[in-house]
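Please arrange chains G and B on chain X, whose structure you already have, making use of the hints.
Top to bottom, those sequences are chains X, G and B. In terms of our numbering, the first sequence has 15 at position 15, counting the first letter as 1, and numbering is strictly consecutive. In terms of our numbering, the second sequence has 1227 at position 227, counting the first letter as 1, and numbering is strictly consecutive. In terms of our numbering, the third sequence has 2009 at position 9, counting the first letter as 1, and numbering is strictly consecutive.
There may be inaccurate statements among the hints.
Here are the simulated EDC-like pairs of lysine to aspartate or glutamate, each with C-alpha atoms no more than 20 angstroms apart in a straight line [to be verified]: (1) B:Lys2214 with G:Glu1095; (2) X:Lys77 with X:Glu40; (3) X:Lys38 with X:Glu4; (4) X:Lys77 with G:Glu1042; (5) G:Lys1094 with B:Glu2235; (6) G:Lys1096 with B:Glu2235; (7) G:Lys1028 with B:Glu2235; (8) G:Lys1253 with G:Asp1237; (9) B:Lys2156 with X:Glu4; (10) X:Lys13 with X:Asp95; (11) B:Lys2064 with G:Asp1237; (12) G:Lys1094 with B:Asp2050; (13) X:Lys38 with G:Asp1237; (14) G:Lys1096 with B:Glu2210; (15) G:Lys1253 with B:Glu2210; (16) B:Lys2064 with G:Glu1239; (17) B:Lys2156 with G:Glu1095; (18) B:Lys2240 with G:Asp1293; (19) X:Lys7 with G:Glu1042; (20) G:Lys1094 with B:Glu2211; (21) G:Lys1094 with B:Asp2215; (22) G:Lys1262 with G:Asp1293; (23) B:Lys2167 with G:Glu1042.
None of these hints come from the bench; they were simulated from the model. Quick caveat: nothing in here was measured; it's all calculated off a predicted structure.
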Amino acid sequence: MSMEQLKYNLPSKIQQTNRDAVLVGVTASGNCEVLLEKGEDTAHCSVDIQTSARGFGQIWQAVLNDFAERKNAGGLKIEIHDVGATPAVVSLRLDQAIEAWENQHGQ
Amino acid sequence: MANSFLEASARERVQAVCDEGSFQEILKPSDRISSPHMALLEQPVAFDDGVVIGRATLGGAPVLVAAQEGEFLGGAIGEVHGAKMTALIAKAVKEKPRAVLLIFESGGVRLHEANAGLIAVSEIMRAVCAARAQGIQFIGLIGGAAGCFGGTGLIARCCDVLIMSEEGRLAMSGPEVIETVYGVEEFDSRDRALVWRVSGGKHRYVMGDIQALVADEVNAFRNAALAALDSGKVGFDLENLETEHAMLTQRLKQFGDCRDAKEIWQRLGLPSAEELALMPADEFVRATSVARDVARGAQ
Amino acid sequence: MNRDQVLDALFADLWKADCLEADHFYGRATVGNQQVTVIGTAEKAEVGADMALTMARVVIETIKQRPGEPIVFLLDTQGQRLRRRDELMGLNGYMAHLAKAVELARQRGHVIVSVVYGEAVSGGYISTGMMADACYALADAEIKVMNLPAMSRITKIPLDHLQALAKQSPVFSPGVENYLSMGHLDAVWEGNYAAQLAASIASLRAKSREEIGKDLRIERGIERGGRTAAGVVLERVLAK
Chain X
1 MSMEQLKYNL PSKIQQTNRD AVLVGVTASG NCEVLLEKGE DTAHCSVDIQ TSARGFGQIW
61 QAVLNDFAER KNAGGLKIEI HDVGATPAVV SLRLDQAIEA WENQHGQ
Chain G
1001 MANSFLEASA RERVQAVCDE GSFQEILKPS DRISSPHMAL LEQPVAFDDG VVIGRATLGG
1061 APVLVAAQEG EFLGGAIGEV HGAKMTALIA KAVKEKPRAV LLIFESGGVR LHEANAGLIA
1121 VSEIMRAVCA ARAQGIQFIG LIGGAAGCFG GTGLIARCCD VLIMSEEGRL AMSGPEVIET
1181 VYGVEEFDSR DRALVWRVSG GKHRYVMGDI QALVADEVNA FRNAALAALD SGKVGFDLEN
1241 LETEHAMLTQ RLKQFGDCRD AKEIWQRLGL PSAEELALMP ADEFVRATSV ARDVARGAQ
Chain B
2001 MNRDQVLDAL FADLWKADCL EADHFYGRAT VGNQQVTVIG TAEKAEVGAD MALTMARVVI
2061 ETIKQRPGEP IVFLLDTQGQ RLRRRDELMG LNGYMAHLAK AVELARQRGH VIVSVVYGEA
2121 VSGGYISTGM MADACYALAD AEIKVMNLPA MSRITKIPLD HLQALAKQSP VFSPGVENYL
2181 SMGHLDAVWE GNYAAQLAAS IASLRAKSRE EIGKDLRIER GIERGGRTAA GVVLERVLAK
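Looking at chain X on its own, in the form it has when it is part of the complex:
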């Protein structure tokens, strides 16, 4: 299998950034792991994806647009290792990551 690298930069409402990095999910078939960290641009959420399922750029764009609209993700950086997770699973992981991020106490 060969990997595809994808990069996105999504406008999103600003999120608290004084939090520790959060990891959800596992790099496994039908799943993905999502690392959420403080980013550099408060008006955007940057997303880097390494995926074994090639050719799904548009679907990623749709899932990420939806995520960036529903959640406050501005100022965050996300890195994903994906092994063919469905859009529903990806969405779930992103939501889990943001929830874990927000549930932390501020530093």
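Then chains G and B, alone, in the frame of chain X:
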């Protein structure tokens, strides 16, 4: 959080077994210490290379913990994964925690990094034994879907105490490999009941290879780990080695001609395999305790 | 090289067998002015529960009856025995028991040397030779986890891809050179094996127990360039 140990991720198991909120990870995922070899093979990586390590407390006592993530490449040991475990044990020798908890879920050596994995297994085995000789207790937990096989199983059998659920498996080679080489008559890998009678927690418990059999619940594993810690059972010396040697010698004498745990259980005068299979862990432990002493040569 | 050839090359007629089966053997030999215990496998031996227990017994006897005597492992094995009966018996426990016996011998002051003279595969090697203080292999020997075609079938990575990558990295493919560059082997032997064994034992006996107790294979892997990631991990974990 779900109660099943089997279904929990490595990180969830650490959180549930250790004292609440006590776990502090060493080498966080954001440090991105992952495998440098997978890119060449065009394989996906994990931020933590499939094992999470750190400090925690158990019943208030300081411990070091490692937990393997069975869903990432079957929890198999590669260069970084193995080095994290070796380094954790080196840290234990320096910091002298009460115990090291190893939550195993692994098929053995990661083929993509075969040589690094093999060497790492032997380094970890040496490190476990050397640390035990200095009085640091090693408690192993086995209950994941990927089982504990190959080199990882060898590491597990170097621990002071092993805690397994019925769902856990501990063996050298998997049934599929044996069937591939010698055929279905030798080992039908699709006969799940047989597979568990050869490598599962209940069989291993009666044989004396593990010290505690628990239900598939994170709380049950936690309680067994606390009990192990309380027992203070640790010792790497000639006396322990000779006791184990006697047990292993007796086992071949008594059961070396058997091909199925059913035959072993029958010889020990235990209830039928069907009845034993239905018993929950604590009932099974009660029902087999005398037979287990006979099997271990402990009378 | 077969069992009799390696015994002859190392010990000439200074070797006395206590057991000489086709697939395993043990006894005593003289190296320099020193008696040593020799334990070995032959004919690409399958290491099963019985054989592992036998070898462990010899190590335990050495610890009890011959304090401080060096132990030499000579290895030609195809790895663990692949039979249901051995798995039922708990083969991994027998192999770990043997490895623990070797570790105890080290803690009790016995120096331990292993030499792969044929093949050494996977579990059959871990439980014996890989626990030694100093591990060696003959230049024409083989050390591996699995051959490349089998590895290709299981990982689903095309064989020609694996073969090409094997040239760039020592991390997965069979070969004593890889185990040397990754820090596991002290050296690969050519020429006068007896002299090299004598030198190894002498050099180990000159070390303190504390020095011998240190497993320096990661450090060697860094020096030789075959295992740098492990070094980074070790350093960073110990710093925290």
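Verification of the supplied hints:
1. For the proposed pair Lys2214 (chain B) and Glu1095 (chain G), the alpha carbon gap of about 17 angstroms is at most 20 angstroms, so the pair holds.
2. Annotation: proposed proximity of Lys77 (chain X) to Glu40 (chain X) holds, straight-line Cα distance about 8 angstroms (limit 20 angstroms).
3. With a CA separation close to 24 angstroms, the supplied pair Lys38 (chain X) and Glu4 (chain X) exceeds the 20 angstroms bound.
4. Proposed proximity of Lys77 (chain X) and Glu1042 (chain G) is contradicted: the alpha carbons are some 24 angstroms apart, above 20 angstroms.
5. Taking the CA atoms of Lys1094 (chain G) and Glu2235 (chain B), the gap is about 14 angstroms. The hint holds against a cut of 20 angstroms.
6. Taking the CA atoms of Lys1096 (chain G) and Glu2235 (chain B), the gap is near 18 angstroms; set against the 20 angstroms cutoff, the hint holds.
7. For the proposed pair Lys1028 (chain G) and Glu2235 (chain B), the alpha carbon gap of about 15 angstroms is at most 20 angstroms, so the pair holds.
8. With a CA separation close to 25 angstroms, the supplied pair Lys1253 (chain G) and Asp1237 (chain G) exceeds the 20 angstroms bound.
9. Distance restraint check for Lys2156 (chain B) and Glu4 (chain X): the Cα-Cα separation of roughly 18 angstroms lies within the 20 angstroms cut-off, and the hinted pair is therefore satisfied.
10. As the CA atoms of Lys13 (chain X) and Asp95 (chain X) are separated by approximately 15 angstroms, the hinted pair is consistent with the 20 angstroms bound.
11. Simply put, Lys2064 (chain B) and Asp1237 (chain G) have alpha-carbon atoms about 12 angstroms apart, close enough for the 20 angstroms limit, and the pair holds.
12. Distance hint between Lys1094 (chain G) and Asp2050 (chain B) is unfulfilled; the C-alpha atoms sit about 38 angstroms from each other, more than 20 angstroms.
13. The suggested pairing of Lys38 (chain X) with Asp1237 (chain G) is violated, with an alpha-carbon distance near 50 angstroms, which exceeds 20 angstroms.
14. For the hint linking Lys1096 (chain G) to Glu2210 (chain B), the alpha-carbon distance of about 18 angstroms falls within 20 angstroms, and the restraint holds.
15. Distance check on the hinted pair: Lys1253 (chain G) and Glu2210 (chain B) sit about 39 angstroms apart at the alpha-carbon level, beyond 20 angstroms; violated.
16. Proposed proximity of Lys2064 (chain B) and Glu1239 (chain G) is supported: the alpha carbons are some 11 angstroms apart, at most 20 angstroms.
17. At roughly 43 angstroms between alpha-carbon atoms, Lys2156 (chain B) and Glu1095 (chain G) are farther apart than 20 angstroms, so this suggested pair is violated.
18. At roughly 44 angstroms between alpha-carbon atoms, Lys2240 (chain B) and Asp1293 (chain G) are farther apart than 20 angstroms, so this suggested pair is violated.
19. Our distance criterion of 20 angstroms between C-alpha atoms is met by Lys7 (chain X) and Glu1042 (chain G), whose separation comes to about 18 angstroms.
20. Of the pairs offered as hints, the one joining Lys1094 (chain G) and Glu2211 (chain B) holds, with about 16 angstroms between alpha carbons and a cut-off of 20 angstroms not exceeded.
21. Our distance criterion of 20 angstroms between C-alpha atoms is met by Lys1094 (chain G) and Asp2215 (chain B), whose separation comes to about 15 angstroms.
22. As the CA atoms of Lys1262 (chain G) and Asp1293 (chain G) are separated by approximately 18 angstroms, the hinted pair is consistent with the 20 angstroms bound.
23. Taking the CA atoms of Lys2167 (chain B) and Glu1042 (chain G), the gap is near 16 angstroms; set against the 20 angstroms cutoff, the hint holds.
Hints 3, 4, 8, 12, 13, 15, 17, 18, counting from the list given before, are not met by this structure.
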